[in-house]
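Visitor: Residues in the sequence shown are numbered from 1 upward in steps of one, following the UniProt record's numbering.
Note that these hints are calculated values from the structure, not bench results.
It is possible that part of the hints are untrue.
[What the hints assert, rightly or not] Okay, derived cross-link-like pairs now, SDA-like style, lysine to any residue, Cα gap no bigger than 20 angstroms in a straight line: (1) Lys142 to Pro60; (2) Lys49 to Tyr106; (3) Lys49 to Val96; (4) Lys49 to His16; (5) Lys49 to Glu33; (6) Lys49 to Tyr63; (7) Lys49 to Ala85; (8) Lys49 to Gln119; (9) Lys49 to Phe87; (10) Lys49 to His14; (11) Lys142 to Val96; (12) Lys49 to Gly97; (13) Lys142 to Tyr106; (14) Lys49 to Ala90; (15) Lys142 to Ser114; (16) Lys49 to Ser71; (17) Lys49 to Leu68; (18) Lys49 to Thr18; (19) Lys49 to Asp66; (20) Lys142 to His14; (21) Lys142 to Arg118; (22) Lys49 to Glu86; (23) Lys49 to Asp11; (24) Lys49 to Glu147; (25) Lys49 to Val110; (26) Lys49 to Leu151; (27) Lys142 to His16.
[Said to hold, decoys possible] Derived CB-CB ranges, DEER-like: (28) Leu68 to Ala117: 20 to 28 angstroms; (29) Leu68 to Asp11: 21 to 29 angstroms; (30) Asn8 to Asp66: 28 to 36 angstroms; (31) Gly75 to Pro4: 16 to 24 angstroms; (32) Gly75 to Pro21: 28 to 36 angstroms; (33) Ser62 to Glu145: 18 to 26 angstroms; (34) His29 to Gly75: 30 to 38 angstroms.
Ideal placement from N, C-alpha and C gives every residue a C-beta, glycine not left out.
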Amino acid sequence: MLAPRLHNLLDARHAHYTTHPHERTLTAHETAEATHVSRSLFAKTVMLKVDGRLAMMVMPASYRVDLLRLSRALGEAEVELAEEAEFRNAFPDCEVGAMPPFGHLYGMPVYVDSRLARQADIAFNAGTHTEAVSMPYDEFEKLAEPEMLWLAHVM
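Full structure from sequences and hints, please.
Guide: Here it is in structure tokens:
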């Protein structure tokens, strides 16, 4: 079952998406494998604190976040990984660690790595550890309204 806020957004905006029920997984790599999606197409959500405020970084599951590059891309902001205790209550309709990459549904900004924008389709957690969603990247971008970061080009 999709997280209620995600489900409402997708249905209200008549989004084109497919759900992918799967066995329980805990990591983006496991979920990509369980849903038979390439790690480069599976969008993982990394929770951050940017200048002390929660934010989401959405990137291919095959990559790791580079906090220094991210800080530079955000104008030298203070960037650190958020601890689970700091974001646990921010997603009341989701299982911890399975939040979908739609920060505006939860009052926080979303940054997306430009490598995802090159993909025709992406997949991501749907708010539980047993269901994922896939959709065209363009559709995701219209719905999530993320800030694009060209991390591959930041030196």
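Visitor: A separate judgement is required for each hint: does it hold in the structure or not?
Guide: Results of checking the hints against the structure:
Restraint check: the Cα-Cα separation between Lys142 and Pro60 comes to about 18 angstroms, which is no more than 20 angstroms; the hinted pair holds. Of the supplied pair hints, the one linking Lys49 and Tyr106 holds, its CA atoms being roughly 14 angstroms apart against a limit of 20 angstroms. With a C-alpha separation of about 17 angstroms, the suggested pairing of Lys49 with Val96 holds against the 20 angstroms cut-off. Distance hint between Lys49 and His16 is unfulfilled; the C-alpha atoms sit about 31 angstroms from each other, more than 20 angstroms.
Proximity of Lys49 to Glu33 is assessed by CA-CA distance (about 28 angstroms); at most 20 angstroms being required, the pair is judged violated. A threshold of 20 angstroms between alpha carbons decides the hint, and for Lys49 with Tyr63 the separation of about 19 angstroms falls inside it, so the pair holds. Of the pairs offered as hints, the one joining Lys49 and Ala85 holds, with about 12 angstroms between alpha carbons and a cut-off of 20 angstroms not exceeded. Restraint check for Lys49 and Gln119: the C-alpha separation of about 27 angstroms exceeds 20 angstroms, so the hint is violated.
Using a Cα cut-off of 20 angstroms, the hinted pair Lys49 and Phe87 holds, with the two alpha carbons roughly 10 angstroms apart. Our distance criterion of 20 angstroms between C-alpha atoms is broken by Lys49 and His14, whose separation comes to about 32 angstroms. Taking the CA atoms of Lys142 and Val96, the gap is near 25 angstroms; set against the 20 angstroms cutoff, the hint is violated. For the suggested pair Lys49 and Gly97, the alpha carbons sit about 15 angstroms apart, so the restraint of at most 20 angstroms is met.
The straight-line distance between the Cα atoms of Lys142 and Tyr106 is roughly 17 angstroms, inside the 20 angstroms bound, and the hint therefore holds. Of the supplied pair hints, the one linking Lys49 and Ala90 holds, its CA atoms being roughly 13 angstroms apart against a limit of 20 angstroms. Annotation: proposed proximity of Lys142 to Ser114 holds, straight-line Cα distance about 15 angstroms (limit 20 angstroms). Of the pairs offered as hints, the one joining Lys49 and Ser71 holds, with about 11 angstroms between alpha carbons and a cut-off of 20 angstroms not exceeded.
Between Lys49 and Leu68 the alpha-carbon distance is near 13 angstroms, which keeps this suggested pair within the 20 angstroms criterion. A hinted pair counts as satisfied when its Cα atoms are at most 20 angstroms apart, and Lys49 with Thr18 does not qualify at roughly 31 angstroms. Restraint check for Lys49 and Asp66: satisfied, since their Cα atoms lie roughly 14 angstroms apart, inside the 20 angstroms limit. For the given pair, Lys142 sits about 12 angstroms from His14 by alpha-carbon distance, which is consistent with the 20 angstroms threshold.
A threshold of 20 angstroms between alpha carbons decides the hint, and for Lys142 with Arg118 the separation of about 15 angstroms falls inside it, so the pair holds. Distance restraint check for Lys49 and Glu86: the Cα-Cα separation of roughly 9 angstroms lies within the 20 angstroms cut-off, and the hinted pair is therefore satisfied. Of the supplied pair hints, the one linking Lys49 and Asp11 is violated, its CA atoms being roughly 30 angstroms apart against a limit of 20 angstroms. With a C-alpha separation of about 16 angstroms, the suggested pairing of Lys49 with Glu147 holds against the 20 angstroms cut-off.
Note on Lys49 and Val110: the hinted pairing holds, with a Cα-Cα distance of about 12 angstroms set against a maximum of 20 angstroms. Annotation: proposed proximity of Lys49 to Leu151 holds, straight-line Cα distance about 18 angstroms (limit 20 angstroms). At roughly 12 angstroms between alpha-carbon atoms, Lys142 and His16 fall within 20 angstroms of each other, so this suggested pair holds. Checked against the hint of 20 to 28 angstroms, the C-beta distance between Leu68 and Ala117 comes to roughly 22 angstroms, which is consistent with it.
A C-beta distance of roughly 40 angstroms is found between Leu68 and Asp11, which places it outside the suggested range of 21 to 29 angstroms. Between Asn8 and Asp66, the C-beta spacing of about 34 angstroms keeps the proposed range 28 to 36 angstroms intact. One distance hint, 16 to 24 angstroms for the beta-carbon pair Gly75 and Pro4, is violated here, with the actual separation near 35 angstroms. Between Gly75 and Pro21, the C-beta spacing of about 41 angstroms breaks the proposed range 28 to 36 angstroms.
Take Ser62 and Glu145: their Cβ atoms lie about 24 angstroms apart, and the range 18 to 26 angstroms holds. Checked against the given bound of 30 to 38 angstroms, the beta carbons of His29 and Gly75, roughly 31 angstroms apart, stay inside it.
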